[in-house]
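Enquirer: Turn these sequences into a full structure, and let the hints guide you.
Residues 303 to 397 in our numbering are what the sequence shown lists, from first letter to last.
Fair warning: there could be bad hints in the mix.
Stated by the list, open to error - Dumping the calculated SDA-like pairs for lysine to any residue here, alpha-carbon to alpha-carbon at most 25 Å: (1) Lys349 - Ala390; (2) Lys329 - Pro379; (3) Lys384 - Asn328; (4) Lys356 - Asp370; (5) Lys329 - Ala396; (6) Lys332 - Ser381; (7) Lys329 - Arg382; (8) Lys384 - Leu357; (9) Lys384 - Asp331; (10) Lys384 - Ala335; (11) Lys384 - Asp370; (12) Lys384 - His344; (13) Lys332 - Lys349; (14) Lys384 - Phe350; (15) Lys332 - Arg319; (16) Lys384 - Glu345; (17) Lys329 - Arg387; (18) Lys384 - Val326; (19) Lys384 - Val338; (20) Lys332 - Asp370; (21) Lys332 - Arg382; (22) Lys384 - Arg343; (23) Lys384 - Gly348; (24) Lys384 - Tyr347; (25) Lys349 - Asp370; (26) Lys384 - Lys349; (27) Lys356 - Arg367; (28) Lys384 - Val318; (29) Lys384 - Arg340; (30) Lys332 - Tyr347; (31) Lys384 - Thr346.
Quick caveat, the hints were computed from the structure, so don't treat them as lab data.
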Amino acid sequence: MTEAAKVETAKGEAGVRTLTGRVVSNKMDKTIAVLVERLVRHETYGKFLRRSTKLLAHDESNSAREGDTVTITPCRPLSRRKSWRLLAIIERAAP
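Expert: As structure tokens, this is what we get:
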């Protein structure tokens, strides 16, 4: 396999890092706040704890609304806290 083919394979859809979360705010212009939840196992007791992270993502067309389930992917830093962009809207929230 040539070097160019390896680079293309690495940049393919399988290599793209994505996170799925719920939009909690769309009040900013071209920016959404996405709440990403994950389960973490407690070291001592083994209980699974729910941890969440709120990330800012770029939404060029202002299409996402509060409550939508979205997929985001990393990009270059666009502002001090915004270094993710909206990839797709998976599920729309009920109006």
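Enquirer: Please write out, lowest number first, the hints stated earlier that are contradicted by the structure.
Expert: Going through the list in order, the structure violates hints 1, 12, 13, 14, 16, 22, 23, 24, 25, 26, 30 and 31 and respects the others.
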